[in-house]
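Take these sequences, add in the hints, and give me the full structure.
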Amino acid sequence: MRWDIVYNNLDYLLWGAYPEGPLGGIAMSIVMAVLGIFGAFWLGLVFGLMRLSQNRALRWTSVVYIEVVRGTPLLMLVFWFYFLGPVLFGYTLPEFQSALCAFIVFTAAYIAEIVRSGVNALPRGQMEAARGAGLTRYQAMRYVILPQALRNMIPSFVNQFVSLTKDTSLAYIIGVNELTKAATQINNREVVAPAEIFMAIAVLYFLICWVLTAFSRRMERHLARYQARGR
Amino acid sequence: MGYQFDWSLVLTGEYRDWLIDGFILTLKISGIAGLCAMILGTVVAVMRLSRVKPLEWLSLAYTEFFRNTPLLVQIFFWYFGSEALLPTALNEWLYSHDFEFVAGTVALTVYSSAFIAEELRSGVFSIPKNQLEASRATGLSFLQGYRYVILPQAFRIVIPPLISQLLNLLKNSSLVMTIGVMEVTYQARQVESFTFHGFESFTVATVLYLAVSLAVSFAITMYNKHFLRQLRY
Chain H
463 MRWDIVYNNL DYLLWGAYPE GPLGGIAMSI VMAVLGIFGA FWLGLVFGLM RLSQNRALRW
523 TSVVYIEVVR GTPLLMLVFW FYFLGPVLFG YTLPEFQSAL CAFIVFTAAY IAEIVRSGVN
583 ALPRGQMEAA RGAGLTRYQA MRYVILPQAL RNMIPSFVNQ FVSLTKDTSL AYIIGVNELT
643 KAATQINNRE VVAPAEIFMA IAVLYFLICW VLTAFSRRME RHLARYQARG R
Chain Z
117 MGYQFDWSLV LTGEYRDWLI DGFILTLKIS GIAGLCAMIL GTVVAVMRLS RVKPLEWLSL
177 AYTEFFRNTP LLVQIFFWYF GSEALLPTAL NEWLYSHDFE FVAGTVALTV YSSAFIAEEL
237 RSGVFSIPKN QLEASRATGL SFLQGYRYVI LPQAFRIVIP PLISQLLNLL KNSSLVMTIG
297 VMEVTYQARQ VESFTFHGFE SFTVATVLYL AVSLAVSFAI TMYNKHFLRQ LRY
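Line by line, the protein sequences are chains H and Z.
Quick note: the first sequence uses our numbering, first residue 463, plus one each step.
Quick note: the second sequence uses our numbering, first residue 117, plus one each step.
Wrong hints could be hidden among the right ones.
[Claimed, not checked] Using C-beta positions, here's what the derived DEER-type ranges look like:
| no. | chain 1 | residue 1 | chain 2 | residue 2 | range |
| --- | --- | --- | --- | --- | --- |
| 1 | H | Glu590 | Z | Lys245 | 30 to 38 Å |
| 2 | H | Arg687 | Z | Phe271 | 42 to 50 Å |
| 3 | Z | Trp173 | H | Leu669 | 17 to 25 Å |
| 4 | Z | Lys245 | H | Glu652 | 50 to 58 Å |
| 5 | Z | Tyr339 | H | Pro481 | 34 to 42 Å |
| 6 | H | Ser515 | Z | Arg263 | 46 to 54 Å |
| 7 | H | Thr554 | Z | Phe241 | 44 to 52 Å |
| 8 | H | Leu485 | Z | Glu249 | 50 to 58 Å |
| 9 | H | Gln601 | Z | Arg263 | 33 to 41 Å |
| 10 | Z | Asp137 | H | Gly587 | 50 to 58 Å |
| 11 | H | Asn650 | Z | Thr128 | 54 to 62 Å |
| 12 | Z | Leu259 | H | Arg521 | 43 to 51 Å |
| 13 | Z | Phe241 | H | Ile616 | 19 to 27 Å |
| 14 | H | Leu669 | Z | Ile155 | 28 to 36 Å |
[Claimed, not checked] Some chain H residues flagged as far from chain Z (calculated, every beta-carbon gap over 12 Å):
| no. | residue |
| --- | --- |
| 15 | Tyr480 |
| 16 | Thr523 |
| 17 | Tyr688 |
Calculated from the structure, these hints are not laboratory results.
Beta carbons: idealized from backbone N, C-alpha and C, even for Gly.
Shown next, in the form of structure tokens:
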């Protein structure tokens, strides 16, 4: 076993050529995941609320979006954004941007489902009481339902963030400089230690994801105590 | 713009055959990996429920590790790492027998089995504890309690999430294109690079995936409506 190869290339795995060159390695994966979840949160919130809307057209648009995206592999979406830039805009989007768009569109569909089930999980009485107190439907959503529902959804968002962190590895396929790409580069250069290199990056991904998963489980237990319940 | 659509390119002739062959291979690799993952996942779940501490820890480590690392990295690990891990003779044999397919199947099996084990475990845990206690009190043994009381109930709860895990497996199988398994995503990419008609070929591939996913999730919804209603605690 040649663990020295992993050790010698550790800085490249962690942040790429950063101070002198472009950011890479796991730092890049994290940047993508954070930007991705941020974009996906807002897009997913919009689609989640559309899904709950009384307006038939909005609701069906959202259903189609959610079902289509959830029925398609992420890799497909990554290719769609990468290869179809030329068709739609006349020029190829840079790898980073097109992968990020794919991640946002993909994750937003799952977030929309989280938002929908989070809102539905609140007891009906909350909405009824808010409407009864004279709030409009929009106000009730904005000031009564969402503040409670979003809080309860935090663990699910963290889980989604964990999946997204794992999914950023797909950006390698179109050539974004992130952890998996760094590993394959090192593997191509060194040749003799593929098992060690891929084991090492698996551990790097694992550490991030596992810490976050453990955190979300704790939070889930904590939040469960403060939930408004129906009878 | 200036992109000329040419649907006949992917709907007839050679390129259509490529896509269809790819889709058959997708179904094949997902089917084999799905079956193996069910078996392996059941074993891991049983270990977790076995009340033997070392087995429980082993199973916990297995599910946590494989669920929290990217599938792509696992695929590369099995594909590139097998040379160091397996004896030379076995590797030689594998290289002459469609090694990409085997490595891809192993990666998909291991990854999915971790998720399936979690679903099975949480299904069993979702049955209230006093069910087992009651069955023990009526004179059933531990195994009988599981066999006749817990598992029949857990089974029904577990079916929909299990099926959606299998659907995830179908979608995840697109990743094995990276090691050169010629499934439908790979073929769509091939058609793209031969013809520059990526729009059409990716549309066909996407529609194929969607058709399976939507049909199955429709079936799950129906199942939930009809069978899960009776189960309320």
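Each hint, compared with the structure:
no., hint, result
1, H/Glu590 - Z/Lys245: 30 to 38 Å, "holds (35 Å)"
2, H/Arg687 - Z/Phe271: 42 to 50 Å, "violated (32 Å)"
3, Z/Trp173 - H/Leu669: 17 to 25 Å, "holds (19 Å)"
4, Z/Lys245 - H/Glu652: 50 to 58 Å, "holds (52 Å)"
5, Z/Tyr339 - H/Pro481: 34 to 42 Å, "violated (56 Å)"
6, H/Ser515 - Z/Arg263: 46 to 54 Å, "holds (48 Å)"
7, H/Thr554 - Z/Phe241: 44 to 52 Å, "holds (49 Å)"
8, H/Leu485 - Z/Glu249: 50 to 58 Å, "holds (56 Å)"
9, H/Gln601 - Z/Arg263: 33 to 41 Å, "violated (55 Å)"
10, Z/Asp137 - H/Gly587: 50 to 58 Å, "holds (56 Å)"
11, H/Asn650 - Z/Thr128: 54 to 62 Å, "violated (39 Å)"
12, Z/Leu259 - H/Arg521: 43 to 51 Å, "holds (49 Å)"
13, Z/Phe241 - H/Ile616: 19 to 27 Å, "holds (23 Å)"
14, H/Leu669 - Z/Ile155: 28 to 36 Å, "holds (30 Å)"
15, Tyr480, "holds (21 Å)"
16, Thr523, "holds (17 Å)"
17, Tyr688, "holds (23 Å)"
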